Amino acid sequence: EAQVTQNPRYLITVTGKKLTVTCSQNMNHEYMSWYRQDPGLGLRQIYYSMNVEVTDKGDVPEGYKVSRKEKRNFPLILESPSPNQTSLYFCASSNPGQSYEQYFGPGTRLTVT
Amino acid sequence: SQKIEQNSEALNIQEGKTATLTCNYTNYSPAYLQWYRQDPGRGPVFLLLIRENEKEKRKERLKVTFDTTLKQSLFHITASQPADSATYLCALDMGSNYQLIWGAGTKLIIKP
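Residue numbers (our numbering), protein chains in the order written: chain A, 1 to 113; chain B, 1 to 112.
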């Protein structure tokens, strides 16, 4: 089944404790992206990757890091989480050469206390 | 910068009627516009894409229109059903690096 998976689905952590949210897709997509979704706001892009070893900042990259060592994986790293990073996070992938639609993961709800 | 406006208030529609959702944008027209459906606690799911040179696109009970003069897209669901209840998001692609600019979404409630 074609899908984007994220782990963990829920995470409660404390300020300053480094964490990683994993994202994996099995569709051989070139493009991957991380978004955060907050009430009343649209999805805001954090980072995106056009291909392996190619990453770029989105609209709200501060406090986040990413890497793209393999085509299928695109982890999101919070080196020192803060309460304002409490949010719902989505990973997405697409293959722009074939279709512009984005496939989303199930989301990770992060709470930073 | 480009801004997108979707009705922040929930839209209540009687089952069987046509639901119409609006997506307005400022500034210049996007290369194409997409509509997604999002259910509570889940990721958005792609529904339809319409390009700037297309006036209308259909898929089963769904129809999207794109008016670059009004800077507006309308999303219609005909013969609406309670299962259509969800939040609907519009997203604009400005044609640069496949970046999408997202609206906050409109919650649609279909009453039996």
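Since the hints were made in silico from the structure, they are not lab data.
Among the hints, a few may not be true.
[Stated by the list, open to error] Once the Cα atoms are required to be at most 16 Å apart in a straight line, the calculated EDC-like pairs of lysine to aspartate or glutamate come out as:
1) 3/B with 93/B
2) 71/B with 84/B
3) 3/B with 59/A
4) 107/B with 62/A
5) 18/A with 59/A
6) 59/B with 101/A
7) 111/B with 84/B
8) 71/A with 59/A
9) 71/B with 39/B
Because the structure is a prediction, the values reported are computed rather than measured.
Here is how each hint holds up against the structure:
1. Pair hint residue 3/B plus residue 93/B holds up; C-alpha atoms about 12 Å apart against a cutoff of 16 Å.
2. Restraint check for residue 71/B and residue 84/B: the C-alpha separation of about 26 Å exceeds 16 Å, so the hint is violated.
3. Taking the CA atoms of residue 3/B and residue 59/A, the gap is about 13 Å. The hint holds against a cut of 16 Å.
4. Restraint check for residue 107/B and residue 62/A: the C-alpha separation of about 30 Å exceeds 16 Å, so the hint is violated.
5. Using a Cα cut-off of 16 Å, the hinted pair residue 18/A and residue 59/A is violated, with the two alpha carbons roughly 22 Å apart.
6. As the CA atoms of residue 59/B and residue 101/A are separated by approximately 15 Å, the hinted pair is consistent with the 16 Å bound.
7. Pair hint residue 111/B plus residue 84/B holds up; C-alpha atoms about 10 Å apart against a cutoff of 16 Å.
8. With a CA separation close to 23 Å, the supplied pair residue 71/A and residue 59/A exceeds the 16 Å bound.
9. Pair hint residue 71/B plus residue 39/B does not hold up; C-alpha atoms about 27 Å apart against a cutoff of 16 Å.
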